[in-house]
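Numbering (the working numbering), first residue to last: 7 to 393.
Incorrect hints may have been included.
The following label-pair restraints were derived from C-beta to C-beta distances [unchecked claim]:
hint, residue 1, residue 2, range
1, Arg143, Lys346, 36 to 42 Å
2, Thr72, Gln176, 44 to 50 Å
3, Asp335, Glu187, 31 to 37 Å
4, Gln176, Ile369, 33 to 39 Å
5, Arg143, Val375, 29 to 35 Å
6, Ala304, Ser181, 24 to 30 Å
7, Cys78, Val225, 54 to 60 Å
8, Gln331, Asn135, 52 to 58 Å
Here are the simulated BS3-like cross-link-like pairs (lysine-lysine), alpha carbons at most 30 Å apart as the crow flies [as the list claims (entries may be wrong)]:
hint, residue 1, residue 2
9, Lys281, Lys253
10, Lys277, Lys103
11, Lys103, Lys346
12, Lys296, Lys223
13, Lys330, Lys98
14, Lys391, Lys103
15, Lys245, Lys281
16, Lys223, Lys98
17, Lys346, Lys281
18, Lys223, Lys253
19, Lys350, Lys391
20, Lys296, Lys346
21, Lys201, Lys241
22, Lys238, Lys223
23, Lys223, Lys281
24, Lys98, Lys277
25, Lys223, Lys245
For the record, the hints were derived by calculation from the structure and aren't laboratory data. Since we're looking at a predicted model, the values are computed, not measured. C-beta: ideal position from N, C-alpha, C; glycine also.
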Amino acid sequence: RRFGDRRAAHDHRRPAAMSPQPRSRSPRHHAPPVVDKIAAVDKDDLVDGHSAQDIFESGGNSVGYTYDDLICLPGHIAFGVHEVAVHGNFTKTIRLKTPIVSTPMDTVTEAKMAIAIALEGGIGVIHTNLTVDEQVREVMQVKRYESGFIMDPVCIPPTMRLSDLDQLRQSSGFSGFPVTEDGKMGSRLLGLVTKRDTDFATDPSAPVSTIMTRLEKMVVVQEGVDLVSANKILKESKKGKLPVVSKQNRLVALMSRADLQKNAEYPLATKDERKRLMVAAAVGTRPSDKDRVRALVAAGVDAVIVDSSQGDSVFQHEMVRWMKQEFPDLQVVGGNVVTKRQAKHLIDCGVDGLRVGMGIGSICTTQEVCACGRAQASAVYNVAKYA
Numbered sequence: 007r008r009f010g011d012r013r014a015a016h017d018h019r020r021p022a023a024m025s026p027q028p029r030s031r032s033p034r035h036h037a038p039p040v041v042d043k044i045a046a047v048d049k050d051d052l053v054d055g056h057s058a059q060d061i062f063e064s065g066g067n068s069v070g071y072t073y074d075d076l077i078c079l080p081g082h083i084a085f086g087v088h089e090v091a092v093h094g095n096f097t098k099t100i101r102l103k104t105p106i107v108s109t110p111m112d113t114v115t116e117a118k119m120a121i122a123i124a125l126e127g128g129i130g131v132i133h134t135n136l137t138v139d140e141q142v143r144e145v146m147q148v149k150r151y152e153s154g155f156i157m158d159p160v161c162i163p164p165t166m167r168l169s170d171l172d173q174l175r176q177s178s179g180f181s182g183f184p185v186t187e188d189g190k191m192g193s194r195l196l197g198l199v200t201k202r203d204t205d206f207a208t209d210p211s212a213p214v215s216t217i218m219t220r221l222e223k224m225v226v227v228q229e230g231v232d233l234v235s236a237n238k239i240l241k242e243s244k245k246g247k248l249p250v251v252s253k254q255n256r257l258v259a260l261m262s263r264a265d266l267q268k269n270a271e272y273p274l275a276t277k278d279e280r281k282r283l284m285v286a287a288a289v290g291t292r293p294s295d296k297d298r299v300r301a302l303v304a305a306g307v308d309a310v311i312v313d314s315s316q317g318d319s320v321f322q323h324e325m326v327r328w329m330k331q332e333f334p335d336l337q338v339v340g341g342n343v344v345t346k347r348q349a350k351h352l353i354d355c356g357v358d359g360l361r362v363g364m365g366i367g368s369i370c371t372t373q374e375v376c377a378c379g380r381a382q383a384s385a386v387y388n389v390a391k392y393a
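Produce the complete structure using the sequences and hints provided.
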């Protein structure tokens, strides 16, 4: 990739690069075709602009570059837009089809935003300006939103009143629920209640057992069925929900027709091995944040981002080491960093990804308040060069 310097492009005091040509109306004095000139020129003479290495690693260069200081020079195109792939890694093991990650800043991303980003192929980071229970609830909403097999569906007992069922629908966002003996996952399945079952119910105090579709009339599959076969049965049955039960009719999992439709609409969606949307969450470096991490991991979070404007601190080093020791498979993103030395320290602690930047946001005051930071283009180049 070759780059040009925007600042030079706006300097109108520079002399023109072309030499004066004799002006003549006679065809005999016309200059030869441009194609012939180019063919006679050595290929190296056609390379202008600067490479990233020229710009950032020049021995006498002490300038920090922002993105506004640089612009990519156009080149020859020999491919179509449909052939362009922008897949990339968010961490060592999480790969994104659309390289978009939301910031962990407070109130930017909660469940709805995280779901929208994950469906488009990116990943959202639930901010940490919430109580532990609130942040866990946001993570669980994302993980339950879409899946192949729903391993922990919301179940209800047969004695639940229809008025309570309406409240549960509003709070959970779901319309259909499996009815089990004790209202818990893993107990014997009795039936299924959907929005269609309650459309014409008139007594809000009636129990759901009076209007639910009973097990004898339901389409179910046995435990051990693979995802492809279950999808086929769900399509052929034209049902909204497909329970997965054991030989004793205990509820093992649930499939949703809506999930199949979402799979067709969002082919780039970021999902884990269980076909659930992926989500990250932010934490701090206080000792109390260890309890937050434990709760987030139990809720199924896929990655934890340590939210700090200065990532190269003893507090973050200790937090990263603890997380990787306590949860070796948890993906941990450290930061923020802007230098190779900072990056090395966090990599040595075991991070799976780095956040780069200090004081470059439109509302960030780190550079003004702390008098430290770095131009973002220079920061990204140097950290990436080391990492």
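Hint check:
no. : hint                         : in the structure
1   : Arg143 to Lys346: 36 to 42 Å : 39 Å, holds
2   : Thr72 to Gln176: 44 to 50 Å  : 47 Å, holds
3   : Asp335 to Glu187: 31 to 37 Å : 35 Å, holds
4   : Gln176 to Ile369: 33 to 39 Å : 35 Å, holds
5   : Arg143 to Val375: 29 to 35 Å : 33 Å, holds
6   : Ala304 to Ser181: 24 to 30 Å : 27 Å, holds
7   : Cys78 to Val225: 54 to 60 Å  : 55 Å, holds
8   : Gln331 to Asn135: 52 to 58 Å : 27 Å, violated
9   : Lys281 to Lys253             : 25 Å, holds
10  : Lys277 to Lys103             : 10 Å, holds
11  : Lys103 to Lys346             : 28 Å, holds
12  : Lys296 to Lys223             : 48 Å, violated
13  : Lys330 to Lys98              : 13 Å, holds
14  : Lys391 to Lys103             : 23 Å, holds
15  : Lys245 to Lys281             : 20 Å, holds
16  : Lys223 to Lys98              : 47 Å, violated
17  : Lys346 to Lys281             : 37 Å, violated
18  : Lys223 to Lys253             : 17 Å, holds
19  : Lys350 to Lys391             : 11 Å, holds
20  : Lys296 to Lys346             : 28 Å, holds
21  : Lys201 to Lys241             : 19 Å, holds
22  : Lys238 to Lys223             : 19 Å, holds
23  : Lys223 to Lys281             : 28 Å, holds
24  : Lys98 to Lys277              : 15 Å, holds
25  : Lys223 to Lys245             : 12 Å, holds
Of the hints listed earlier, those the structure fails to meet are numbers 8, 12, 16 and 17, in rising order.
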